[in-house]
Each structure stands twice: as structure tokens, then as C-alpha cells.
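Protein chains in written order, with the numbering used here: chain A, 1 to 68; chain B, 69 to 328.
In case anyone wonders, no lab produced these hints; they're calculated from the structure.
Glycine included, each C-beta is placed from N, C-alpha and C at the ideal position.
Derived coverage of chain B by chain A (criterion: at least 3 residues anywhere in the stretch with Cβ under 8 Å from a Cβ of chain A; other residues may be distant):
| no. | stretch |
| --- | --- |
| 1 | 135-147 |
| 2 | 154-161 |
| 3 | 273-279 |
| 4 | 288-297 |
| 5 | 304-314 |
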Amino acid sequence: MALLGRFAGFWYDFLVGDRWELFVGPIAALLVAWLATAMGISGAVTGVVLFVLVAAVGGISIGWAIRR
Amino acid sequence: MSSLAIVTIVSSFLASAVEFVEAVTIVLAVGVTRQWRSTLLGVLAAIIALVGLVAVFGSAILLFVPIGVVRLVVGGFLVIYGLQWLTKAVLRAGGAKAKHDEAAIYRDEIDALRAERPVPATGVDWISFTVAAKGVFLEGLEVAFIVVTFGATAGMLGPAALGAAAAGLLVLAIAVLVHRPLSTVPENGLKFVVGIMLTGFGTFWAGEGVGIEWPAGDAAILALLAGYLVLALLGVYLVRERLTSRFVGATAGPAAPGDA
Chain A
1 MALLGRFAGF WYDFLVGDRW ELFVGPIAAL LVAWLATAMG ISGAVTGVVL
51 FVLVAAVGGI SIGWAIRR
Chain B
69 MSSLAIVTIV SSFLASAVEF VEAVTIVLAV GVTRQWRSTL LGVLAAIIAL
119 VGLVAVFGSA ILLFVPIGVV RLVVGGFLVI YGLQWLTKAV LRAGGAKAKH
169 DEAAIYRDEI DALRAERPVP ATGVDWISFT VAAKGVFLEG LEVAFIVVTF
219 GATAGMLGPA ALGAAAAGLL VLAIAVLVHR PLSTVPENGL KFVVGIMLTG
269 FGTFWAGEGV GIEWPAGDAA ILALLAGYLV LALLGVYLVR ERLTSRFVGA
319 TAGPAAPGDA
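Chain A extracted, bound-state conformation:
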């Protein structure tokens, strides 16, 4: 059980670490892009939206890091 916990902890550190926003943000951005595609919005618009959202996640994370 302890080994399983350490294994899970390792992958949490590997993928999430101390900046959860960089894990949750891209997933949320992809969800928005998926919804836009499902609603029939063009690839060009959805692509730009995805790019802007991913970049915004990075910008927010940098801003929070500086404040910390």
C-alpha cells in the first residue's frame, strides 16, 4: 500500500508538481476546444482559441510564480 502511495506520489510530482495550474489549465483549454469543435466552429477559430488559452495558462502561472 505504501509502495502504491509512493508510486502515485511520484507521478503526481512528475506531472503536476507544485504548479497545479499547468496541469488543470491545458486540460480545461482542450475541453473548451472540444466543445467549440462539437458546436461546429471552424478549425481556424478553434485553433486560435486553443493557442490563446494555453498561452494564457502559461502567463497566469508565471504571474503567480513572481507574486510567490
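Fit chain B to the given chain A structure using the hints.
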């Protein structure tokens, strides 16, 4: 050779070089401080485990998972991983985060190893074996992650593995020649470039995974890479400006009574 194969090799090479530099620092510290034979055995064990991981997971993903799912999941992970690298590189380049100092890490590692119990007169020194194997495995796991994700999504497992192997051999050759940690490698610059590449390719593939039909097809990757590059450079500039203004504000202090 296709342009995608070349880009895959270059991306894998650069990303792997950074991780191999970090692994070599640990291996050198263990070998110099304790026992080279056990250290190299640890390295060998870690390499065998990593090659097995890449072969099993890479092949399993290519053979059993539909390409749409691979692009969505793996592309998403590449964006997450690429953003982690890129934001750290922006913070380091802007002066908000300390740069990775291989020489300092090497000194700390040697101090820690000297505090351990002495090397046994005969047999394997398990401390050397464990520390070297763990260091190489953990750093190499990031290489394996990039090789598997990049290779599987683009259908380029071979070129991705080739780029990683070339980086490993180059870093190892330089380490053997200079016999000290590779502290002059521009690690942050490499992470900056690789972060942009992983984020750009990840956005493209994950976008395809959610059903985006990119205008201009594969050429959209170039636009994404250029866009992230411009924003990352802007980020470095803004971080510097923010820190400078904060420093000026702190040194100026509160205005004294009577100041104009």
C-alpha cells in the same frame, strides 16, 4: 528523410541532452566519491529498465491505441510538460528563479555521499549502485516520456529514440573527456527551446485529437511555434520589467514627509 523526422530527432536530441547532463552530474559525483564499478552497474541497470519501458510502452501505444486518442492524450501531456519547462525557463531567463547550477549540485551530491558509510572492501557498493541507478532512471524517465510521447504521436518512435541516443552518447563522450560536471552547457536556453517545441507540437496534436482541422495542415505547427516563441520572449521581458520595478520600489522606500 522527412522534415517531421528531422524535427522529431532535433526535439528529442535537445530535450534528452538537458536530462543527460543532469544524470552525468550525479554519476560523476558517485563514481569519483565512491566506486566506479558499482556506479556503472547502477547506470547499466537504469538504462536497461528505461529501454524496456520505451520498447513496451512505445510499441503498446502504437499497436493498440487509436491514433486520435493517442494525439489527444499524448498531445495534452506534451502541452502540460512543455509549459512546465517553458514557464520555468522564462522565469530563469527573467531573473525570477535561480538558474540550474550543475557545479553546486555536484558539490552537494559529493558532500552527501561522503557522509555515507565507507565503500566495502569487496563486492558491490550498494550505495553507489542505488544512487547512480536512481539518478539515471529518474532523469532518463523524462527522456523516455518525451521519446514515447513524441515518437508515438508523430509515428516517429525510431527517430525520437535516435535523437535521444545521440544526445546520450554526446554528453557521455564530453563527460569522459572533461571528467567534471558539464556546467557550461546552456541548460536554460535548451529548456527554453524544448519547452516551445513540446508546447507547440502538443497543442497541434491535442488540437487534432479534439477534432480541430488546422488551416494549412502541418504548416500550422510553424505558426504555433512562432507564436509561443514571441510570447515567451515577451514573458522574459515582462518578468525583468516587473522585478526591476519591484527592486526600484523597494530601494526607494516610502516617501519622507516634505518630499515633493
